[in-house]
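Here's the letter readout for the chains.
2 protein chains.
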Amino acid sequence: MKNIALVLKYEGSAYHGWQVQKNAVSVAATLEKAAAMVVGHPVHITGCGRTDAGVHAKRYVANFRTDSGIPVERLPYALNTHLPEDIVVSDAFEVHEGFNAIGSCVKKEYTYLIYNSRIRDPFYVNRAWFYPKRLDETVMQRAADCFVGTHDFAAVRSVGTDVKSTVRKVYHFDVEREGELISCRICANGFLYNMARAMVGTAVYAAEGKFPPEAVADILAGKNRTAAGPTAPPGGLYMTRLWYDDGKAVFHVE
Amino acid sequence: MKNIALVLKYEGSAYHGWQVQKNAVSVAATLEKAAAMVVGHPVHITGCGRTDAGVHAKRYVANFRTDSGIPVERLPYALNTHLPEDIVVSDAFEVHEGFNAIGSCVKKEYTYLIYNSRIRDPFYVNRAWFYPKRLDETVMQRAADCFVGTHDFAAVRSVGTDVKSTVRKVYHFDVEREGELISCRICANGFLYNMARAMVGTAVYAAEGKFPPEAVADILAGKNRTAAGPTAPPGGLYMTRLWYDDGKAVFHVE
Chain B
1 MKNIALVLKY EGSAYHGWQV QKNAVSVAAT LEKAAAMVVG HPVHITGCGR TDAGVHAKRY
61 VANFRTDSGI PVERLPYALN THLPEDIVVS DAFEVHEGFN AIGSCVKKEY TYLIYNSRIR
121 DPFYVNRAWF YPKRLDETVM QRAADCFVGT HDFAAVRSVG TDVKSTVRKV YHFDVEREGE
181 LISCRICANG FLYNMARAMV GTAVYAAEGK FPPEAVADIL AGKNRTAAGP TAPPGGLYMT
241 RLWYDDGKAV FHVE
Chain S
1001 MKNIALVLKY EGSAYHGWQV QKNAVSVAAT LEKAAAMVVG HPVHITGCGR TDAGVHAKRY
1061 VANFRTDSGI PVERLPYALN THLPEDIVVS DAFEVHEGFN AIGSCVKKEY TYLIYNSRIR
1121 DPFYVNRAWF YPKRLDETVM QRAADCFVGT HDFAAVRSVG TDVKSTVRKV YHFDVEREGE
1181 LISCRICANG FLYNMARAMV GTAVYAAEGK FPPEAVADIL AGKNRTAAGP TAPPGGLYMT
1241 RLWYDDGKAV FHVE
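Protein sequences, first through last, are from chains B and S. For the first sequence, position 183 (counting from the first letter as 1) is numbered 183 according to this note's numbering, and the numbering increases by one without interruption. Here this note's numbering = 1-based position in the second sequence + 1000.
This is chain B alone, in the form it adopts within the complex (with noise of 0.2 angstroms):
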């Protein structure tokens, strides 16, 4: 059995996530449909992490173990004639036995976009966080900084999944305005459930006044979800980056 890692875009408008789930389309079922018509035998993806409903992938990496014989430079042009528009294959390549697409993975990095201006753009519907009342973004990126570094990080995340620590370590969170588009660069070795929006959220609501940005260090030390900002819109939230290093399998996707 080969393993096969895949470098994938999507436009998660259409989607109710990347997991699997009853009565929904998500992503991995649409692209292990298109993998099973490819190889010829049902397939299970292994994806990087679970995107929620509506939110964007500019990079992102799963994996499959399949024994067919097709050559792994084709799989992209195969798996792209079975998948709709919105999902794209842009790379595959084989890695070694014990590669597993989120077990593998130490750092990842999703941006968040926000739409700031008091008119709404029509090319930005479901693809950024439109926002009418001006943000000051240095404010944000106060608010931001306490984020960074290794902590508790209970009070942005939203129950839900089960997990042994809400401990991760935020490697950056960059706030950056190009006209009127605020970009919010988050990169950690880990993601709690809404983490990144929360944290986007939490930036925003410092800089709407309804804290004061240095505080985000206490909100975040009190452990308390209700203290922090709202969790911000899907729409707005792509993953952008990710490395890899599990001692046998050392890249960097974006």
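In case anyone wonders, no lab produced these hints; they're calculated from the structure. Bear in mind that the values here come from a model prediction, so they are computed numbers and not experimental data. A hint or two may mislead.
[To be verified] Covered stretches of chain B, as calculated for chain S (at least 3 residues, CB under 8 angstroms):
#1 5-13
#2 97-111
#3 119-126
A virtual CB, placed ideally from N, CA and C, is assigned to each residue, including glycine.
Mind docking chain S on chain B? Use the hints.
Then chain S, alone, in the frame of chain B:
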């Protein structure tokens, strides 16, 4: 009666073009319905051009007449609350009685986007022409140069609407590549039916080697539609800039 000019943007994927038609949802009909709600009487809206089904507008100008007392600066917000998310009014101002969104327009620019990569991008579905074969943008530019100036454009228009003359003046046709995106900006004093898309298709055919780029001058002179390239698909086309000058109303929208 006041004469009101509106500046708008729309993502045209869901519409059968600008023009009001029976049994099809158009941008104009959607806007007229919203305007009627706001001003309290039926409204007829004149647009700056008949964009086709699936064509977008980053900037578009329309005008209508009303005796409503609503302050003109309130109009964008009032209209946007009645419009779907893919049509947005960004500005409104009063113009002189004789102003006409199409008649007073002296020059407009369309921009056409080609996503030129072997692998599709899910974020450009319906927003750029996916063209997997590599195109040399310098060859496209040489073909594009043949269109600049005053010519009979019969070779690059689709028959469909009656026009008095097929002579137009093209001010620029600039082809630029940024990574995998090729943008074609075409400015003219007027566009025949499908003219911008046929000009792009012809520049692409030149880059494909179907004819030498300099042969486009002869193709244009021959006035034979079948000698030119294909009509590029609608999703790549955006109205981007407009110039107005009717002696009284002189402005530029971009």
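Now for the hints, and whether the structure bears them out:
Taking a C-beta to C-beta cut-off of 8 angstroms, the stretch 5-13 of chain B contributes 3 residues in contact with chain S, enough for the three needed, and the coverage statement holds. Under a criterion of three residues with beta carbons nearer than 8 angstroms to beta carbons of chain S, the stated coverage of the stretch 97-111 of chain B fails, only 0 such residues being counted. Counting residues of the stretch 119-126 of chain B whose C-beta lies closer than 8 angstroms to any C-beta of chain S gives 6; at least three are required, and the coverage claim holds.
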